[in-house]
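Colleague: Listed below are the residues making up each chain.
There are 2 protein chains.
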Amino acid sequence: MDSHLDNILKDMDEDDIQAYLLTKFTNVEYISNYKPTSFAFCIIKENPIIYASSMDMEIAKNNSTIEVKEYESFEVMLRELKEEGISSLAIEPTLPFSSYEKLRDDFTITSKTYVDKQRMIKTPQEIEKITKATEIAQKSFLQLDILNNQNTEKEIAFDLVRLMIENGADKESFDTIVTSGASSSLPHAIPEAKQLEKPILIDWGAIFEGYCSDNTRTMVYTEAQHEIWDIVAEAHDKAIKAIRPGLKCIEVDKVARDIITDYGYGDRFIHSTGHSLGLDIHETPGFSIRDETVIEEGMVITVEPGIYLEGEFGVRLEDTVAIYKKANVIGDLPLMID
Amino acid sequence: MDSHLDNILKDMDEDDIQAYLLTKFTNVEYISNYKPTSFAFCIIKENPIIYASSMDMEIAKNNSTIEVKEYESFEVMLRELKEEGISSLAIEPTLPFSSYEKLRDDFTITSKTYVDKQRMIKTPQEIEKITKATEIAQKSFLQLDILNNQNTEKEIAFDLVRLMIENGADKESFDTIVTSGASSSLPHAIPEAKQLEKPILIDWGAIFEGYCSDNTRTMVYTEAQHEIWDIVAEAHDKAIKAIRPGLKCIEVDKVARDIITDYGYGDRFIHSTGHSLGLDIHETPGFSIRDETVIEEGMVITVEPGIYLEGEFGVRLEDTVAIYKKANVIGDLPLMID
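Protein chains in written order, with this note's numbering: chain F, 1 to 338; chain X, 1 to 338.
One or more hints might be untrue.
Copies of the same chain look alike in the list, so a pair counts if it works inside one copy or between any two.
Cut-off 27 angstroms, straight-line C-alpha distance, at most; resulting in silico cross-link-like pairs (DSS-like, lysine-lysine) [said to hold, decoys possible]:
1) K194 / K129
2) K129 / K198
3) K254 / K139
4) K194 / K132
5) K198 / K61
6) K69 / K198
7) K82 / K139
8) K171 / K45
9) K248 / K154
10) K132 / K10
11) K132 / K198
12) K241 / K154
13) K198 / K35
14) K171 / K24
15) K198 / K117
16) K24 / K102
17) K194 / K102
18) K102 / K198
19) K154 / K35
20) K238 / K61
21) K154 / K24
22) K129 / K117
23) K129 / K35
24) K24 / K112
25) K102 / K112
26) K24 / K132
27) K24 / K117
28) K24 / K325
29) K154 / K82
Quick caveat, the hints were computed from the structure, so don't treat them as lab data. Quick caveat, the model's predicted, so the values are computed rather than measured.
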């Protein structure tokens, strides 16, 4: 925690920035170990401070490694910053315009991603937590009796979450997707109150001690479905094999996209090949057609190619990899589920 | 839906604004009936348009009452706006700074809350959905066998969500709070893997056809707990009785806060008396010490006073009211649960 803070302070110093305002909950958590439940203003400076809401004071005092003060008003906070002689303030790119508007007259504002950049590289402890989250999620998936039950998509999604919690998860890392038949062609399908059709696509994850997991499996039945599955599996496997430090993210996306394009489905692969995860389910960098970030050891990124045939069905296969000299798949769930 | 759009266009016209950019998912949903699952740029203008991600195109085309176009890049979107001769652009106060930064050189930017303001006043259809959500949530609560079961807080929270879904909810409207004993003094407590202690505080809600419900009940046992419960119940009842169109929100907050203060617990009532709800669980206006909004017919707002004794316990009682000539409590769950 303290080394996180030291690194940020060093970055700020290099850019001649006196204070850095954090409001994104997971950024505040990353720096202080306190995750806000309503709102908080965390100000990184020589003597860092968190202005927490009165509602959060008890939990903030218990958890935060940084000094906590009760938030009174934006005006009081601004006055205290100005009294310290602070005139150059960095903000996160996600800061809402309404907050920026209240700051821009009093400070020189620059948007910075110091914390997000540091969060790109996971510590061994963070990778352990992501691994534990993945293990819980995969174990729970295997305990589901998907095919021999008469439950609806919605009920199966629900049972999977319950199993993850029983197996030690804090909660699910995003709304569990259980979709089947034609609706599997929607990458973000919402489980319906209908019996399973085929194919069956499940995209799910757990949170363990704050850290997310993310996996997708598609169970296919007809020859046409198997054919698409094989293409997606090839893209999945070859993209993972291609990953190594020094390569650019866009190059990994290209490996997966080229394979799918060669088979004639390039325009049916309608999203990126992968995204980082950690305290958030979507972090940077990602394997996308735009991301020029150079891959480094310690990154944890999903690989999730998919082909979506509108009106027919979709197939997506997703694993999360931790990057060392090469990419290690986290967890050991087979890609093909019978 | 169309009248929503017409009202916004009229507001824009009065302010001489040519286009209004919406990115908040529930605002896009309110205007178009399509709720984005990843990102979308909805631009309200003479001929309104939504730029949706490729992932969402199928669902957007199926649901949106507004023309949908596949998003290519921010640059393409800007160019198309400029080609239409648009130079004055309104944005939502929640727009992230990073998006604002990409717009400010090309447009005169003003932050506007046209949609949020319209969402303050619910239509009869919206109130029906909130009522249905509340009925599902309250029925599910009564089906829970809270006291005669050996489940942990976490498991009870989970069972409550399952019951809500079985009873027809889309999902929970926020992370269900089941907390007990000393942790009930945290307004946003997270259910733990521990057996219930006393008192027991449950704060829960359902979503039905997109619309949220919100209730809290606290089950008390000792004399000290009953004493605090009575004060909170008095604040709850008298605040609800005070509500009428024409009054300011801050005045309703004052009714509840004055009662609790008179009993000597003013500094232990550490949040607002209530918030609006609808497509979002937290909307404006709210019954708070800062909100000068004048109450109008059609608003739907929670009333949820609480007293939090750190290290001992907390009590909160919450109902949601629909405002007509006076405030009608939605649902019929008794305040005292034995």
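Colleague: Between K82 and K139, at a C-alpha cutoff of 27 angstroms, which is it: within one copy, between copies, both, or neither?
Modeller: Close neither inside one copy (53 angstroms) nor across copies (53 angstroms); limit 27 angstroms.
Colleague: If the cutoff is 27 angstroms on CA atoms, where do K24 and K102 land: within, between, both or neither? Let me know, please.
Modeller: both (17 angstroms within a copy, 21 angstroms between copies)
Colleague: When no copy is named, should K129 and K35 be tagged within, between, both, or neither for a Cα gap of at most 27 angstroms?
Modeller: Classified as within; 17 angstroms inside a copy, 32 angstroms across copies.
Colleague: At most 27 angstroms between alpha carbons: which applies to K132 and K10, within, between, both or neither?
Modeller: Cα proximity of K132 and K10: none, with 32 angstroms in one copy and 54 angstroms across.
Colleague: Tell me, please, which holds for K194 and K132 at an alpha-carbon limit of 27 angstroms: within, between, both or neither?
Modeller: between (32 angstroms within a copy, 21 angstroms between copies)
Colleague: My question is about K154 and K24: at a cut-off of 27 angstroms on alpha-carbon distance, are they close within one copy, between copies, both, or neither?
Modeller: between (31 angstroms within a copy, 26 angstroms between copies)
Colleague: Using 27 angstroms as the alpha-carbon threshold, which applies to K24 and K117: within, between, both, or neither?
Modeller: both (14 angstroms within a copy, 25 angstroms between copies)
Colleague: Tell me, please, which holds for K238 and K61 at an alpha-carbon limit of 27 angstroms: within, between, both or neither?
Modeller: Intra 48 angstroms, inter 34 angstroms, cutoff 27 angstroms: neither.
Colleague: What label fits K24 with K325 when the C-alpha limit is 27 angstroms: within, between, both, or neither?
Modeller: neither (32 angstroms within a copy, 40 angstroms between copies)
Colleague: Is it within, between, both or neither when you check K248 against K154 at 27 angstroms Cα-Cα?
Modeller: neither (39 angstroms within a copy, 42 angstroms between copies)
Colleague: If the cut is 27 angstroms between Cα atoms, do K129 and K198 qualify within a copy, between copies, both or neither?
Modeller: neither (34 angstroms within a copy, 33 angstroms between copies)
Colleague: How do K171 and K24 come out at 27 angstroms by Cα distance, when the copy is not named: within, between, both, or neither?
Modeller: Both, since 20 angstroms and 25 angstroms are each at most 27 angstroms.
Violated hints, in rising order: 2, 3, 6, 7, 8, 9, 10, 11, 12, 15, 17, 18, 20, 28 and 29; the structure is consistent with all others.
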